[in-house]
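Quick mapping for you: the protein sequence lines, in order, are chains A and B. Counting from 1, one number per residue, gives the positions in the first sequence under my numbering. Counting from 1, one number per residue, gives the positions in the second sequence under my numbering.
Among the clues, some could well be false.
[Claimed, not checked] Not close to chain B: a few residues of chain A, all C-beta gaps over 12 Å, as computed:
| # | residue |
| --- | --- |
| 1 | Gln-24 |
| 2 | Met-33 |
| 3 | Tyr-56 |
| 4 | Leu-135 |
| 5 | Asn-203 |
[As the list claims (entries may be wrong)] Distance windows between CB atoms, simulated:
| # | chain 1 | residue 1 | chain 2 | residue 2 | range |
| --- | --- | --- | --- | --- | --- |
| 6 | B | Ala-48 | A | Arg-109 | 50 to 58 Å |
| 7 | B | Pro-118 | A | Asn-59 | 32 to 40 Å |
| 8 | B | Phe-262 | A | Thr-140 | 53 to 61 Å |
| 9 | B | Leu-97 | A | Leu-41 | 24 to 32 Å |
| 10 | B | Leu-265 | A | Ser-76 | 43 to 51 Å |
| 11 | B | Phe-262 | A | Ser-162 | 29 to 37 Å |
| 12 | B | Pro-118 | A | Leu-41 | 16 to 24 Å |
[Stated by the list, open to error] Which residues of chain B face chain A? A few of them, derived with a C-beta cut under 10 Å, are:
| # | residue |
| --- | --- |
| 13 | Val-113 |
| 14 | Phe-221 |
| 15 | Phe-227 |
| 16 | Leu-229 |
| 17 | Phe-262 |
Hints listed in this document are in silico derivations from the structure and should not be mistaken for laboratory results. Ideal Cβ positions, reconstructed from N, Cα and C, are used throughout, including at glycine.
These are the residues of each chain, in order.
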Amino acid sequence: MVARADLMAFETGRSPAVQITQRQRWSIAFSYMLILGGLLLGANQRDGLLNQTSVYTNNAAGITASYPARWLLDESEGTVFRVRDMSRLGFNTTIEVRSLPVGADGAERNLLDHLSLQRSQVFIDYSVLGYDTFLLPDDTQAISMTYTFVSRDASPFLEGVSSIVNGLDILAIRRGQALIVSFRAESSIYQRELATFHRFINNLEF
Amino acid sequence: MAQFPRFNVSSGAESYGVLPVWRRFSILVSAIILVCGITILSGEALPATRDADFNRIAALMLTSLPVLLWLLLSVLPEARVDRPRRRLIGVAVVSGLTASAIGLPLAEGFFVVDQWLPLQSVFQRIVGYTLTAGVIDVGLRFLVLRYLIYPQALRVRSDGVAYALAAAIGYSFYLTLVWVWRLEPTWNQAAVYALFSFTIQTASSLFIALGIIESYFGDAFPLVLPFNLLIAMLVAGIIQALLPGLLSGPLSQAGSGDRPLFGLLFLAASMTVSVGIAYFLYSNSERREREAYGSQGGSDGF
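Whenever a hint applies, use it, and build me the whole structure from the sequences.
Here's what the structure looks like:
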């Protein structure tokens, strides 16, 4: 049956040099429009789902934040809360919020040094890359610290390859309370994921 | 006033001068499903090997299988006919290059589908894959066909199917090769992916071919071609959205296992249904054209 259909094939009367008709031009133009429209809709859907957020409120700490909806939230000890992108293989991109009481003479730099001392005992090959100022959405100045360390799978049975992680801490002191917002991501995707962190900071209220 | 018929029925000699497509196409599809199916079944029955070299060689052989069979069944026989399709290799190569230069970077770098689509509901996954991977794959292959064969290399309807298959072969070969190279799968996993990639690109290519054929040979209404492209995108989206769920086994205390047989059955069914529908529409439109010519010719005395 298949072969018969091929034997009954038709030849067009047109030569290959013949131009396409006006109707065919329109159909090609509509096809281009469909492809462009599809790509735009796809980009729109991607943005909608990638940037979808959930709201976290902690009245005790006085914090309200919008975090990526597909990330996992936990309120582990030592932090106000932490959200992680569990869909990522290797090191899970993390945003962590901590709150510490500070004295009247508590300097921001001292707090960051204290954090560094703590981390150097926990993280492998922890190293501070630098300090800078960071402008918060309400136009107040905060201090930022960038650092790097090596992350290894907790379970030795998984035989995973270690990853290099880049981190960024933002520290702001308000009414005797220091708020430290930390962002950590694998160095290969750090710059790309930084946009997510900036959106998080822009919507953070404390 | 006499009206000249739009199409001429080819004489027997002219028809024989062009290589038939559908029979070779069905042999190609059956052979790929058979080889991949046997490999997947063997993977279920035999213990898995962790020999990286063996797995890589087997995976590369399975990746090359559609290309080799296509060269054997479709390209080499063209040399024996009077009027061969000369652009088959060119279409396949350019399709592979567009997948490499645009398709994969766009899907992975810009749409980052792996980050947001796999965790969505089935409906959202179908829509998502249709609007991202489906649009990219089908759109690029349509552009390749538009600029390489439409209309200059179209002589008979079967040319559309032959060139669309060439585009699918080139495109799916590159995608499978990248996956095999990156993930170093076991040989039976490579069979699932080779069949998966071939089925998606070939099933959707058939609908691109139908659109081009109707548009060029039937001078169809301008929305027929984009509608066929839309169907092609949807076919790609549905297969891509449903397969991972079928391949993954249910969660249990012992963990979750793979179900490659489900994947094999789904891909074989998807391919059969797509080829069946495409062939029905193809032969139906050809019959209508012949009848239209017959009535026109009869009234005009041709």
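Here is what the structure says about each hint:
no., hint, in the structure
1, Gln-24, "6 Å, violated"
2, Met-33, "7 Å, violated"
3, Tyr-56, "20 Å, holds"
4, Leu-135, "29 Å, holds"
5, Asn-203, "19 Å, holds"
6, B/Ala-48 to A/Arg-109: 50 to 58 Å, "55 Å, holds"
7, B/Pro-118 to A/Asn-59: 32 to 40 Å, "35 Å, holds"
8, B/Phe-262 to A/Thr-140: 53 to 61 Å, "57 Å, holds"
9, B/Leu-97 to A/Leu-41: 24 to 32 Å, "26 Å, holds"
10, B/Leu-265 to A/Ser-76: 43 to 51 Å, "44 Å, holds"
11, B/Phe-262 to A/Ser-162: 29 to 37 Å, "36 Å, holds"
12, B/Pro-118 to A/Leu-41: 16 to 24 Å, "19 Å, holds"
13, Val-113, "8 Å, holds"
14, Phe-221, "8 Å, holds"
15, Phe-227, "9 Å, holds"
16, Leu-229, "6 Å, holds"
17, Phe-262, "23 Å, violated"
The structure fails hints 1, 2, 17 (numbered hints given earlier, in ascending order).
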